[in-house]
Structures are given as structure tokens and as C-alpha cells.
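Listed below, chain by chain, are the residues.
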Amino acid sequence: MVLTLIGVAIVVFVLIRVAPGNPIAMMLPPGATQADIAQLTAMYGLDKSLFQQFVIWAGNALQGDFGNSITLRQPVSDLVLDRLPATLELSLLALLIAVALGGATAVFGARERGRAPEAGVDLFNGVTLSIPDFLWGLLLILLFGVLWPVLHISGRVSPNLSLPFATQFYLFEAILRLRWDLVTDLLAHMLMPALSLALPLAAIISQLLKQGLKEVLELDYAVLARVRGFTETQVITREALRNAALPTLTLIGVQFTFLIGGTVIVERLFAYEGLGNMAIDAVINRDLPLIQGIVLTFAGLFILINLAVDLAYTLLNPRLRHG
Amino acid sequence: MAEATLPGPHTQPRARARRRNPRLWLSAAWLLLVALAAILAPFIAPHDPLTQDLLLERLPPLGLSGAEPGYLLGTDSLGRDVLSRLIYGARIALTVALVAASAACLAGSALGLLAGYFGGWVDRIVSRLVDVWMAFPPVLFSILLVAVLGTGLTSVILAIAIIDWTRFARVVRAETLVQSRMDYVHSARIGGASRLAILAGEVLPNVLPTIVALLALEMGVAVIVEAILSFVNLSISSDSPTWGGMIAEGRASIHFSWWVLAAPLVVLFLTVLAFSQLGEGLKARFDPLLR
Chain R
3 MVLTLIGVAI VVFVLIRVAP GNPIAMMLPP GATQADIAQL TAMYGLDKSL
53 FQQFVIWAGN ALQGDFGNSI TLRQPVSDLV LDRLPATLEL SLLALLIAVA
103 LGGATAVFGA RERGRAPEAG VDLFNGVTLS IPDFLWGLLL ILLFGVLWPV
153 LHISGRVSPN LSLPFATQFY LFEAILRLRW DLVTDLLAHM LMPALSLALP
203 LAAIISQLLK QGLKEVLELD YAVLARVRGF TETQVITREA LRNAALPTLT
253 LIGVQFTFLI GGTVIVERLF AYEGLGNMAI DAVINRDLPL IQGIVLTFAG
303 LFILINLAVD LAYTLLNPRL RHG
Chain H
116 MAEATLPGPH TQPRARARRR NPRLWLSAAW LLLVALAAIL APFIAPHDPL
166 TQDLLLERLP PLGLSGAEPG YLLGTDSLGR DVLSRLIYGA RIALTVALVA
216 ASAACLAGSA LGLLAGYFGG WVDRIVSRLV DVWMAFPPVL FSILLVAVLG
266 TGLTSVILAI AIIDWTRFAR VVRAETLVQS RMDYVHSARI GGASRLAILA
316 GEVLPNVLPT IVALLALEMG VAVIVEAILS FVNLSISSDS PTWGGMIAEG
366 RASIHFSWWV LAAPLVVLFL TVLAFSQLGE GLKARFDPLL R
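Those protein sequence lines, which keep their order, are chains R and H.
Position one of the first sequence corresponds to residue 3 (this note's numbering), numbered consecutively onward.
Position one of the second sequence corresponds to residue 116 (this note's numbering), numbered consecutively onward.
Be a bit skeptical, because a hint or two may be false.
Which chain R residues face chain H? A few, computed with CB under 10 Å, are given here [unchecked claim]:
hint: 1; residue: G128
hint: 2; residue: L131
hint: 3; residue: I133
hint: 4; residue: L243
hint: 5; residue: N245
hint: 6; residue: L248
hint: 7; residue: P249
hint: 8; residue: L251
hint: 9; residue: L253
hint: 10; residue: F260
hint: 11; residue: L271
What the hints contain is simulated information worked out from the structure, not anything from laboratory work.
Cβ coordinates follow ideal geometry from the N, Cα and C atoms, glycine included.
Please build the complete structure, drawing on both the sequences and the hints.
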């Protein structure tokens with residue numbers, strides 16, 4: 003796990019330093035002398051060997067210092083922490099939608115198994131699974147941004163609102179403060195990007211959960227529940243769901259990391275002020291320390307999620323529980 | 116002989132497979148249409164895709180008021196014909212799909228086969244590399260790579276291959292692990308075949324259906340990645356029309372001319388859907404359990 007992080011750090015480090023384009027030359031006004039360039043290069047430590055640079059960078063990073071952004075002239079850690087909450091809120095909202103939508107269609111499909119509605123669910127899943135978040139986002143922009151303009155197609159929150167927030171977790175804080183006007187405005191901005199991220203994941207959850215449910219519904223305890231007079235929906239929600247959900251859970255972990263990876267382009271598409279949107283700007287501006295910080299943040303996040311899923315799996319699976 | 120004597124379990128899945136085929140043929144037909152458009156672009160495109168005409172800017176598609184005959188799908192903000200740009204855009208989309216996906220397929224499958232068959236340190240290195248690669252958000256990784264390699268068709272293709280080989284390596288490795296424990300591999304080994312001969316002659320043919328299905332899927336992914344790179348203005352130069360470039364333009368002028376976004380979106384939608392359905396269809400067709 004730590005090895006993976008170090009691997010990611012090395013790959014990014016080498017990649018962005020062999021990149022053509024000199025960030026120092028971009029910082030200085032035209033007409034700067036060679037001496038100016040050399041001085042600034044030395045200031046950012048870019049005159050040392052690649053290996054030396056990496057050791058210095060890694061040493062600082064271990065102490066929480068990821069350097070300063072070249073274009074924005076602020077500490078990378080501040081910039082990342084400023085944007086990360088926006089991306090986390092978007093990803094979590096998307097995950098919530100995916101689980102709700104995928105769960106509901108799975109239960110519906112399992113209840114109607116072998117009949118036409120199940121084929122409908124399969125078709126829906128097949129299509130939503132094949133189309134990536136980027137295209138869903140564009141389609142939603144056309145539908146709910148232009149054709150029937152009910153949602154905002156860019157930004158995180160309307161610029162004319164005054165925000166009382168103490169943290170960058172806008173949606174979370176707005177809910178806690180019971181400011182429903184702000185919640186509505188935030189959701190009107192976040193719903194489309196979240197839905198585009200959620201649709202492919204919803205299809206995966208639906209497929210897997212439906213399969214699991216269908217298998218569990220053949221087992222004795224499901225039959226017994228039916229004999230005791232439970233309706234099919236009750237059998238599914240009260241008895242089958244818990245047991246069928248476990249294999250789905252491990253899969254959600256990996257898929258959630260894919261979803262977070264998707265925020266990069268979806269945030270760009272909706273001009274949402276998150277980490278991914280900033281990452282694209284950082285790459286275009288050759289902002290080496292910022293790119294490095296953002297990529298490592300994503301990698302760390304992915305690793306944490308996988309760890310959390312492993313833990314959750316152990317907690318939820320009675321066979322892996324200790325005494 | 117066995118097939119003739121065992122009608123039940125053999126004919127039923129086959130009939131089912133055939134009924135599932137429409138999506139395979141529909142997908143193939145759409146992709147053939149796109150391929151024909153790409154090849155015949157200079158002959159079938161009604162206009163030059165690059166000619167700007169400010170007198171004809173933002174013409175709506177035929178059927179809407181203000182439309183101009185001869186501009187079936189309307190024009191963009193510079194007066195360029197949307198249909199012609201779509202037709203020419205198919206060239207880059209398909210080139211990227213074919214070349215990038217094949218390159219990713221070759222590299223990834225080779226590494227997956229070696230890792231799955233030989234195990235040991237080969238497997239450890241490949242698996243570790245895959246882990247590191249998977250810890251990158253792929254879109255960010257591709258943007259980073261194109262920034263490093265410089266824009267242009269070759270860079271886009273290279274970037275896609277460098278990122279997506281893991282998709283093949285992961286699946287092929289797992290499949291090879293399963294296959295190399297099969298009896299036929301053991302009997303080939305007892306028969307005195309060399310390890311490489313077994314890998315190429317026995318294991319590969321059995322992993323191939325999986326690879327082919329993945330390849331079709333990957334072509335759809337490559338088309339999307341190219342569109343995304345064009346969208347952030349990092350793909351091919353603006354002289355050659357691309358679907359992603361059209362989408363970027365359409366997104367920017369969405370409140371004035373929605374069709375500039377809608378046209379490439381529909382084409383991308385159908386193409387990606389066709390590639391993935393082709394992959395699924397091929398998988399079902401090759402699967403010995405369904406045959």
C-alpha cells in the first residue's frame with residue numbers, strides 16, 4: 003500500500019520533470035534575463051538532479067509540506083484542502099444516488115424475475131453501463147440545462163448568494179444549519195454532475211445485487227419467509243437484501259475509486275470548483291508541485307477507500323468476525 | 116458426433132445466443148457505417164469541414180425555422196457545416212480506436228500472459244505496476260501524459276496505450292492463471308512441449324476470446340478518451356475536426372446553438388454503445404459454455 007503510494011509519487015515526479023515547457027520561464031515577464039531564470043530555478047530547487055529533487059520533495063512531503071504552487075503562489079496543501087471537500091461532497095452524493103438507484107432497480111428486477119420488467123432493468127443497466135460519465139454529463143446538460151432548463155450547468159453555488167460557511171463542506175454545512183435555500187441552490191448545481199458520475203455505477207450495483215438476490219431468493223429461509231406469509235417485496239427487503247449485499251459491497255469500493263477518478267472531467271464539464279478541475283488547470287500551466295500534490299491526494303484517497311472497504315467487509319461478514 | 120447425440124443442452128443455448136445476436140449485428144452495422152464515412156469522407160461530405168462562412172453562422176438543422184437547405188445538421192458558430200465535420204471527425208476517432216486499443220491490447224495481453232503463466236517475480240512486478248497505475252485517476256493521467264508528450268495524434272494514441280494496458284493485463288493475467296492449471300496444459304507439459312510453446316499454442320487460444328471482447332470495449336474507451344482530450348483542448352490541432360473538439364465548441368455555445376453539441380454527442384453515444392455491445396456480443400459468442 004505504502005509501496006503503491008511511493009510508486010505513484012515516483013511516476014508523477016519523473017513524468018512532470020521530463021515534460022517540455024519551462025514553468026519558470028512562464029512565471030517571469032517577457033524580457034527576463036538568463037540570470038533571473040537561473041536564480042528562480044535555483045529557488046525552486048529545479049537545478050538539482052532528479053534524484054536529489056525527489057529526496058528533498060519526499061522529505062518535505064513527509065512533514066506535510068508539499069511545496070508552493072508555481073502559478074497560484076500558495077502552499078499546495080492549502081489549495082488541495084480548499085478544493086478537496088467540494089470533490090468529496092460531489093463523489094459522496096454520486097455514491098448515494100448510485101446506491102439508491104442501483105438498489106431500487108435491483109430489488110424491482112429481482113421481484114419481477116423472469117418477467118418483462120426484469121428484461122427492462124437489464125436493458126437499462128446495459129445501456130447505462132456502456133456510456134461513460136462524460137457523455138452522461140453532456141446529455142444531462144442538453145436535457146436539463148437547455149431543453150428544460152431547471153438546473154445550473156456550471157459552478158458549485160450561485161455567485162450572488164452570501165455564504166455563512168466556516169468550512170468548505172458547503173452542502174454538509176448547509177444541511178446542518180438547516181439553510182434549505184442554500185441546500186436547494188447547491189443541489190441544483192450538483193445534481194447533474196453527481197448523476198452523470200452515478201449512472202454507470204448504479205448499473206453495476208443493480209446487476210450484481212439483482213444476481214445476488216435471485217440466488218438468495220431460492221434458498222430455504224426465503225421460501226420459509228414466503229410460507230409465513232411475507233410478500234415478495236418483504237422477503238427481499240427483510241431477509242434477502244442483507245445477505246445479497248455483501249459481495250456487492252467489495253465491488254462498490256473499487257468502483258467508487260473509479261467514480262472519484264471520473265470527477266476530474268465531470269468537474270471540468272460543469273465548471274465545478276473541485277480538485278479535478280484545478281488539476282486540469284495545473285497540468286495545462288505546468289504547475290509541477292500542484293500536479294504532484296493533487297495526484298498524490300487522489301492516490302491516497304483510492305488507497306484509503308480500499309482499506310475502508312476491507313474493514314467494512316470484515317465487520318459485516320459474520321464468518322470473519324472474531325469471538 | 117457428440118453434438119448430434121446430445122440435442123438438449125446444446126441446441127437451447129445456441130438458440131438463445133442467436134436471439135441475442137441482433138445487438139451484435141446492429142452494432143457492427145453502425146460501426147461499418149462510421150468506418151465507411153471515415154474512408155469516403157472527401158466524397159460524401161457535403162462541404163469542406165474547415166470552410167468558415169460568417170454569413171451562415173449558427174444555422175439550425177433542417178426542419179427548424181431558419182434552416183438552410185444543404186446544411187442538414189446546421190452550422191457552428193463559425194459557419195462550418197456540422198455534418199461534414201462529423202464525417203471527417205470519424206477519421207480521427209476510428210484511427211485512435213484502432214491503433215491505441217490494439218497497442219494497449221498487445222502490451223497488456225503480453226504482460227498478463229507472462230505474469231499469469233510464469234508467476235513468481237514476473238507476476239509480482241506486473242501486479243505491482245498495475246497497482247500503481249490503478250491508483251491514478253485515468254483522465255488526469257491521460258491529460259498529464261499528453262502534456263508531457265506534446266499534443267498531436269501520436270501522443271494521444273501513446274497516452275491511451277500507456278494508460279489502458281492495465282485493463283488487459285489484469286483480466287488476461289487472471290484468465291491465464293485459471294487456464295494454466297487446466298489438465299490440457301499439464302498433458303502438454305508431460306508431452307514435452309516447451310513453456311513458451313504451451314503459452315502460445317495452448318493457453319493463448321483459450322484466452323483469446325476474452326482478449327477480443329476486451330479489445331472491442333477498449334476501442335469505445337479510446338474514442339471517449341480522445342474526445343475528452345479534445346474537450347480540454349489537448350488533442351489534435353484545430354485544423355482537423357474531431358468529435359471532442361466539436362463537443363467543446365458546442366458546450367461553449369450551448370445557449371445559442373444546442374445542435375452543435377447534440378450532433379457529436381449522439382454519434383459518440385451510438386459509437387461507444389456499439390463498441391461495448393460488440394464486445395459483449397463477441398464474449399457471449401465465443402464463450403464455450405454458451406456455444
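Each hint, compared with the structure:
no. : hint : in the structure
1   : G128 : holds, 8 Å
2   : L131 : holds, 8 Å
3   : I133 : holds, 6 Å
4   : L243 : violated, 28 Å
5   : N245 : violated, 26 Å
6   : L248 : violated, 21 Å
7   : P249 : violated, 17 Å
8   : L251 : violated, 19 Å
9   : L253 : violated, 14 Å
10  : F260 : holds, 8 Å
11  : L271 : holds, 7 Å
The structure is inconsistent with the numbered hints 4, 5, 6, 7, 8, 9, although it conforms to all the rest.
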